[in-house]
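> Chains as they are written, first to last, in this note's numbering: chain A, 272 to 536; chain B, 238 to 618.
No wet-lab data here; the hints were simulated from the structure.
Please note: incorrect hints may appear among the correct ones.
[To be verified] In the EDC-like style, the derived pairs of lysine to aspartate or glutamate whose C-alpha atoms are separated by at most 20 angstroms in a straight line are:
(1) K387(A) - D249(B)
(2) K387(A) - D350(B)
(3) K528(A) - E614(B)
(4) K454(B) - D586(B)
(5) K602(B) - E406(A)
(6) K580(B) - E559(B)
(7) K580(B) - D395(A)
(8) K341(A) - E614(B)
(9) K602(B) - D586(B)
(10) K606(B) - D330(A)
(11) K341(A) - E319(A)
[To be verified] Going by beta-carbon spacing under 7 angstroms, a handful of chain B positions derived as facing chain A:
(12) G255
(13) E594
(14) Q610
(15) A611
(16) E614
(17) M615
Just so it is clear, CB atoms sit at the ideal spot from N, CA and C, and this is done for glycine as well.
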Amino acid sequence: MIVAGCDLGSSTSKVVIMNNNDVKAMAITATAAKPEITLKNILNEALEKAQLKSIADLDYILGTGYGRLKAPLFHSNMSEIACHARGVYSLNRKARTIIDIGGQDCKVISINDKGKVMEFSMNDRCAAGTGRFFESMARALQCGLEDISALSNQGKSPVSISSQCSVFAESEVVTLVHEGLAWEDIIAGINNSVASRLVALVNRIGLAEELVLTGGCAKNEGLGLALQKLLGVSPRKLSQDPQFIGAIGAALLAEDKLRDRGGAS
Amino acid sequence: MRTARAGELLKDFSEITGTLYNPHIGDWKKRGGKVVGIVCCPVPKELIQAAGMLPFRIRGTGSQGTELSEKFTGDLCCSFPRNFFNQAQKGKLDFLDGVVFSNNCDHYRRLYDNWHAAGIRTPFLHMISNPKRIAEQARQWYENEMVALLNRLQEHFGVTVTEAELEQAIRQSNETRRLQRRLYELRKAGHPSLTGAETLAVMVASTCMPPQTYNQKLESLLSELDPAGGSHQGIRLMIVSSSLDNPVFLTLIEDLGGLIVADYSCFGAKLIGPDIEENSSSPLQALSRHYLTEAISCPRLYGSHPQRIQFIQETIREYKVEGVIGDWLTFCDTWNIFHYMLKQELKKDGIPFLMIEREYIPSFKGQLKTRVQAFLEMIRG
Numbered sequence: 272m273i274v275a276g277c278d279l280g281s282s283t284s285k286v287v288i289m290n291n292n293d294v295k296a297m298a299i300t301a302t303a304a305k306p307e308i309t310l311k312n313i314l315n316e317a318l319e320k321a322q323l324k325s326i327a328d329l330d331y332i333l334g335t336g337y338g339r340l341k342a343p344l345f346h347s348n349m350s351e352i353a354c355h356a357r358g359v360y361s362l363n364r365k366a367r368t369i370i371d372i373g374g375q376d377c378k379v380i381s382i383n384d385k386g387k388v389m390e391f392s393m394n395d396r397c398a399a400g401t402g403r404f405f406e407s408m409a410r411a412l413q414c415g416l417e418d419i420s421a422l423s424n425q426g427k428s429p430v431s432i433s434s435q436c437s438v439f440a441e442s443e444v445v446t447l448v449h450e451g452l453a454w455e456d457i458i459a460g461i462n463n464s465v466a467s468r469l470v471a472l473v474n475r476i477g478l479a480e481e482l483v484l485t486g487g488c489a490k491n492e493g494l495g496l497a498l499q500k501l502l503g504v505s506p507r508k509l510s511q512d513p514q515f516i517g518a519i520g521a522a523l524l525a526e527d528k529l530r531d532r533g534g535a536s
Numbered sequence: 238m239r240t241a242r243a244g245e246l247l248k249d250f251s252e253i254t255g256t257l258y259n260p261h262i263g264d265w266k267k268r269g270g271k272v273v274g275i276v277c278c279p280v281p282k283e284l285i286q287a288a289g290m291l292p293f294r295i296r297g298t299g300s301q302g303t304e305l306s307e308k309f310t311g312d313l314c315c316s317f318p319r320n321f322f323n324q325a326q327k328g329k330l331d332f333l334d335g336v337v338f339s340n341n342c343d344h345y346r347r348l349y350d351n352w353h354a355a356g357i358r359t360p361f362l363h364m365i366s367n368p369k370r371i372a373e374q375a376r377q378w379y380e381n382e383m384v385a386l387l388n389r390l391q392e393h394f395g396v397t398v399t400e401a402e403l404e405q406a407i408r409q410s411n412e413t414r415r416l417q418r419r420l421y422e423l424r425k426a427g428h429p430s431l432t433g434a435e436t437l438a439v440m441v442a443s444t445c446m447p448p449q450t451y452n453q454k455l456e457s458l459l460s461e462l463d464p465a466g467g468s469h470q471g472i473r474l475m476i477v478s479s480s481l482d483n484p485v486f487l488t489l490i491e492d493l494g495g496l497i498v499a500d501y502s503c504f505g506a507k508l509i510g511p512d513i514e515e516n517s518s519s520p521l522q523a524l525s526r527h528y529l530t531e532a533i534s535c536p537r538l539y540g541s542h543p544q545r546i547q548f549i550q551e552t553i554r555e556y557k558v559e560g561v562i563g564d565w566l567t568f569c570d571t572w573n574i575f576h577y578m579l580k581q582e583l584k585k586d587g588i589p590f591l592m593i594e595r596e597y598i599p600s601f602k603g604q605l606k607t608r609v610q611a612f613l614e615m616i617r618g
């Protein structure tokens, strides 16, 4: 059975094609203003990589992410929370707490030893503690997101960023730049600020080990380190790119759906 | 199957709720009737009814922004008062002959301070100072506040209110309660005959139309709905909320596979509660006792938390609730902290709980849908 999991996120869209639990192809692109076109393009790219001819070769397509409810290609959709939980559990059976930091949302998900979602908490509406926050900080510093990841660990005395609002924090960072503070310290401060937002979400549901980070921002090593310091627990690495976990989970859930309806081949 | 008549009545209730100045108010005004707005639960509508006037529970329905309110409130004020204040400034509440405020929270109180300053020309304004704790002294205070309101109503509108009229208003209001209880009873069915969004519209309508007309309409609706149940199904949810007056919010939840079968909210179950004592030696004493100690209590009240939790737990059992959604408006401190306390209680009982923070005007739909869908998936397992 060949399935696709499509994670149409607020910032990037990801597709994973799977054949009996085996990842055949992965593709990623920036989410454009027209999600249906984004989906078509990225699906075609993934199909090509998997050496499949057309969408008709897929037995099931399951959608997740912000675009999940509107895309006509999907056989069904599930929330990102269910998909990240499924994706993580398939890669690490000991995972109990997941922090998913996406483009516009951050979520803390607690799962049990069967991979079932027990509880979750999400950022309240605004983009504090998400990829958008990092993007606006990178804009204020005129650097790339990769610099925020790389330079953070070199910060000797991280500054304190008090604004949780990304718009205000951007002005705060501009002020710090003009005061002549070291970039490394500002960047470390930015990562600490996001990490403390995430810790507040973790505290709402409680932390159980093992801890796993997913979503695009999980690639930010400085953030991982800041979280580790605040939580006293080091996040476990996954064998797959953290940005694709939602799409992997969606593909696995697609296989579950097929199995449930007895369509296993 | 639902009868055509039931469908018509539900549509009618929904239209009444979807606007501020509904046709029933229009008819009432045409006949020379007065309409008095009330802000929040502790203003006893029975006093206004007894004075021959129509009580109208103030809402911000139809509001699209708070640009006028922000001259007076800043944006750290709860969006419910900010939106209805905005509507009032736009003239959408000009049909009101009076407004009775309560100091349930400071956000409401400050609107009273600014109502006229903002150029809203409601002729009669009054503030009822309602108690914040349950105690006999507080009840006496509340009764005195009711006397003061009655006196001012009589003086301003040139009417006299007799004990018999108070008694009649209490009876009428109890009749509404009895009918609404029957409506809620229908939601206990395995497949209820109406959705949560439809129920909310029926409930909100009771706050903005003449009680007699409402009672007749609701009676007709009840006679059209099969008590054995209907066709609605979904994950059975209870909603815990304050100023939830917009069925659209519940539709969003129900479209994702939930079914709101019960609530603890200001435009829902809290309007019902037990009957007010009839034929008592003092109707005002009965009213003050009802609103302070007998009605389903408000989180503002000190000393009533256990009673509130008990009500929610009993509701969960009676309505076979599978999950609770705690909905609160940003900057409403009273309800926010209550939700965190409720979360702890429900955790002990193993009841899934989802807390949603939102603004009065429906927005952030994408994030809301993600939360609700994930919550429903979690319950389904």
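> Would you mind marking each hint as holding or not holding in the structure?
Status of each hint after checking the structure:
no.	hint	verdict
1	K387(A) - D249(B)	43 angstroms, violated
2	K387(A) - D350(B)	52 angstroms, violated
3	K528(A) - E614(B)	14 angstroms, holds
4	K454(B) - D586(B)	39 angstroms, violated
5	K602(B) - E406(A)	23 angstroms, violated
6	K580(B) - E559(B)	14 angstroms, holds
7	K580(B) - D395(A)	17 angstroms, holds
8	K341(A) - E614(B)	19 angstroms, holds
9	K602(B) - D586(B)	30 angstroms, violated
10	K606(B) - D330(A)	27 angstroms, violated
11	K341(A) - E319(A)	24 angstroms, violated
12	G255	24 angstroms, violated
13	E594	5 angstroms, holds
14	Q610	4 angstroms, holds
15	A611	4 angstroms, holds
16	E614	5 angstroms, holds
17	M615	5 angstroms, holds
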